[in-house]
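With chain D's structure known, arrange chain F on it following the hints.
Heads up: the protein sequence lines correspond to chains D and F, in order. Position in the first sequence counted from 1, then plus 16, gives you the working numbering. Position in the second sequence counted from 1, then plus 61, gives you the working numbering.
Derived by calculation from the structure, the hints in this document are not laboratory data. Some clues are possibly wrong.
[Claimed, not checked] With a straight-line Cα cutoff of 25 Å, these simulated DMTMM-like cross-link-like pairs (lysine to aspartate or glutamate) come out:
hint: 1; chain 1: D; residue 1: K43; chain 2: F; residue 2: E250
hint: 2; chain 1: D; residue 1: K130; chain 2: D; residue 2: E201
hint: 3; chain 1: F; residue 1: K350; chain 2: F; residue 2: E250
hint: 4; chain 1: D; residue 1: K43; chain 2: F; residue 2: E170
hint: 5; chain 1: D; residue 1: K130; chain 2: F; residue 2: E89
hint: 6; chain 1: F; residue 1: K123; chain 2: F; residue 2: D136
hint: 7; chain 1: D; residue 1: K130; chain 2: F; residue 2: E348
hint: 8; chain 1: D; residue 1: K262; chain 2: D; residue 2: D278
hint: 9; chain 1: F; residue 1: K275; chain 2: F; residue 2: E251
hint: 10; chain 1: D; residue 1: K43; chain 2: F; residue 2: E253
hint: 11; chain 1: D; residue 1: K130; chain 2: D; residue 2: E204
hint: 12; chain 1: D; residue 1: K43; chain 2: F; residue 2: E251
hint: 13; chain 1: F; residue 1: K123; chain 2: F; residue 2: E89
hint: 14; chain 1: D; residue 1: K262; chain 2: D; residue 2: E275
hint: 15; chain 1: F; residue 1: K350; chain 2: D; residue 2: D278
hint: 16; chain 1: F; residue 1: K275; chain 2: F; residue 2: E348
hint: 17; chain 1: D; residue 1: K262; chain 2: F; residue 2: E320
hint: 18; chain 1: F; residue 1: K350; chain 2: D; residue 2: E202
hint: 19; chain 1: F; residue 1: K275; chain 2: D; residue 2: D134
hint: 20; chain 1: F; residue 1: K350; chain 2: D; residue 2: D134
Please read these numbers as outputs of a predicted model, since none were measured by experiment.
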Amino acid sequence: MSTPTLPHRPQASAAAPSRRPAWRFRKPNALPGFGLTLGFTVAYLSLIVLIPLAALFLNAATLDWPHFVRAVSSPRVLASYRLTFGAAAIAALVNALFGFLVAWVLVRYTFPFKRVVDALVDLPFALPTSVAGISLAAVYSANGWLGQWLVPLGIQVAFTRLGVVVALTFIGLPFVVRTVQPVLEEFEREQEEAAACLGASRWLTFRRILLPALAPALLTGFSLAFARGLGEYGSVIFIAGNVPMKSEITSLLIITKLEQFDTAGATALAVVMLLASFGLLLLINLLQWWWQRRHSNTAIQGRAPSARGVGLIVETESADER
Amino acid sequence: MSDSASLDVVAKPRPLHSLSRRDAAVTESRPVRIVLIALTLLFLGAFLVVPLAAVFEMAFSKGVVYYLGALADPDAVSAIRLTLLVAAISVPLNVVFGLAASWAIAKFEFRGKSLLMTLIDLPFSVSPVIAGLVYALMFGAQGWLGPWLEAHDIQLIFAVPGIVMATVFVTFPFVARELIPLMQAQGSEEEEAARVLGASGWQMFSRVTLPNVKWGLLYGVILCNARAMGEFGAVSVVSGHIRGQTNTMPLHVEILYNEYNFAAAFAVASLLALLALVTLGLKLLAERKLTQVRVETVQTV
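If we strip away everything but chain D, and leave its shape as in the complex, we get (with noise of 0.2 Å):
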């Protein structure tokens, strides 16, 4: 943030102020080499980013539009839709739960092994996604070390619509955690002491003072663990069954398309998830927005958080934190 000002420069723009230009790309910096990184930035963003994205665009726009329509509502399609939105939510709200549960304790309580536990958390950015699937394909089957348990229950897991949702809240686990995290290492404990000392219970001092306080990082992190399920393919096509109309998500459909040579209807499809995750996008950083805007007084605990450790993650609120 520290824009360099030499100590003459305010006089010398003040003794001249007809010489500075009204629009200016850039302030004046001592500093070599934008010019260079900048041009390098901007060329290997588009070419890699911004020039393939337009293309999927651009090649949606060439299908007409009855024939877009077709490819994007099929039944089987709209199954697709049903399960990949239904189990990214139930998922995501496992995730809030639980994510929440595992912060608070990582915070507040002290117990053996914390830190490992607590690196451990971010095991599903690391694992591949493959790897997470055919564990977990393995773990949830008749004979694994789960599935043992649960079959005779007559929970069934593996190569159902609920290891679609077991598999997806492994992948979103850490987006949850790592949100809450920082915020509530953040929050002061005087607001709880002064609610104590008013006469709240602690379940009271929870519901009125910490759970409004986290809201905003407990809802991004539902949103990146939702945003992060739409689009997960590796880990869900192995427990998945991948039966069409029944247990068969929208990345696998894109791919199906793809390798049956329906070009069209892979970018059909390909648009209208792009179009889902970066409305949702949108949806999060307004909602954050807005927040913020209403609870401009508890402006501390209820920033925006910054998901530092998270790394693979989407991340919505860094335009509001910058």
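Frame of chain D; chain F shown alone:
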């Protein structure tokens, strides 16, 4: 904590391991704490530890000899080699990009900066399958540049270049997003001092900037590398799954698994799980160093 504790009106020295009355008012009763901790460990155990342990258990289910044999299989060796190659190309590319982007963004003020940062984060919100698809649409046989590439006998999709491009896409923001906040926090006084003292641009960068951000850079590289080696969805779309040629380790795991060769699939998977554990360990180290750097930055500013 210490200064607020000094305000306490506790006359008696309090015994270790027991909460003062003041603390007791803002935490839960002991049974509640134990139940919550137990619940957390149970949840993490079932969802994280069990799948991780299962990888290694399944990998050695047919003994150590079979395990080593599965890894020495020519197709497995070629998959390992390709994975290393892809990471060795895509990680340095994104490091150079990350350094350039963070220099431009953190040290200068210019129009459209927040838009640029949003665009840099964009690949994280694109699902892996779609990331692969965009390259297949550009360079594939039915893609925009497909006929031209075919005429010149250049194969990008279903070949190593396509895998590299898809990997670069999905790992695009890692290094930049670690370096930008770090460089912003550090400001540019030290670089300016170096310039005033007569350092060339390169000297300033290599002697001042790089040492200042090295832990942040390492952190970004670790995450970038883990994702580059483990990427499945995006690579799966553009790879073509040619055994021994365009199969990376995650894809090789899938093929072996679909052939019901579970022990071999888990043997290759165990290498990737090991990579994940090493990643977590290095990440912890880099995080600790970064916290030190941050504290120092705060103290000097």
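Now for the hints, and whether the structure bears them out:
no., hint, verdict
1, D:K43 x F:E250, "16 Å, holds"
2, D:K130 x D:E201, "15 Å, holds"
3, F:K350 x F:E250, "22 Å, holds"
4, D:K43 x F:E170, "6 Å, holds"
5, D:K130 x F:E89, "18 Å, holds"
6, F:K123 x F:D136, "19 Å, holds"
7, D:K130 x F:E348, "16 Å, holds"
8, D:K262 x D:D278, "21 Å, holds"
9, F:K275 x F:E251, "15 Å, holds"
10, D:K43 x F:E253, "15 Å, holds"
11, D:K130 x D:E204, "22 Å, holds"
12, D:K43 x F:E251, "19 Å, holds"
13, F:K123 x F:E89, "48 Å, violated"
14, D:K262 x D:E275, "20 Å, holds"
15, F:K350 x D:D278, "50 Å, violated"
16, F:K275 x F:E348, "12 Å, holds"
17, D:K262 x F:E320, "23 Å, holds"
18, F:K350 x D:E202, "20 Å, holds"
19, F:K275 x D:D134, "24 Å, holds"
20, F:K350 x D:D134, "17 Å, holds"
Checked against the numbered hints above, the structure violates hints 13, 15; every other hint is satisfied.
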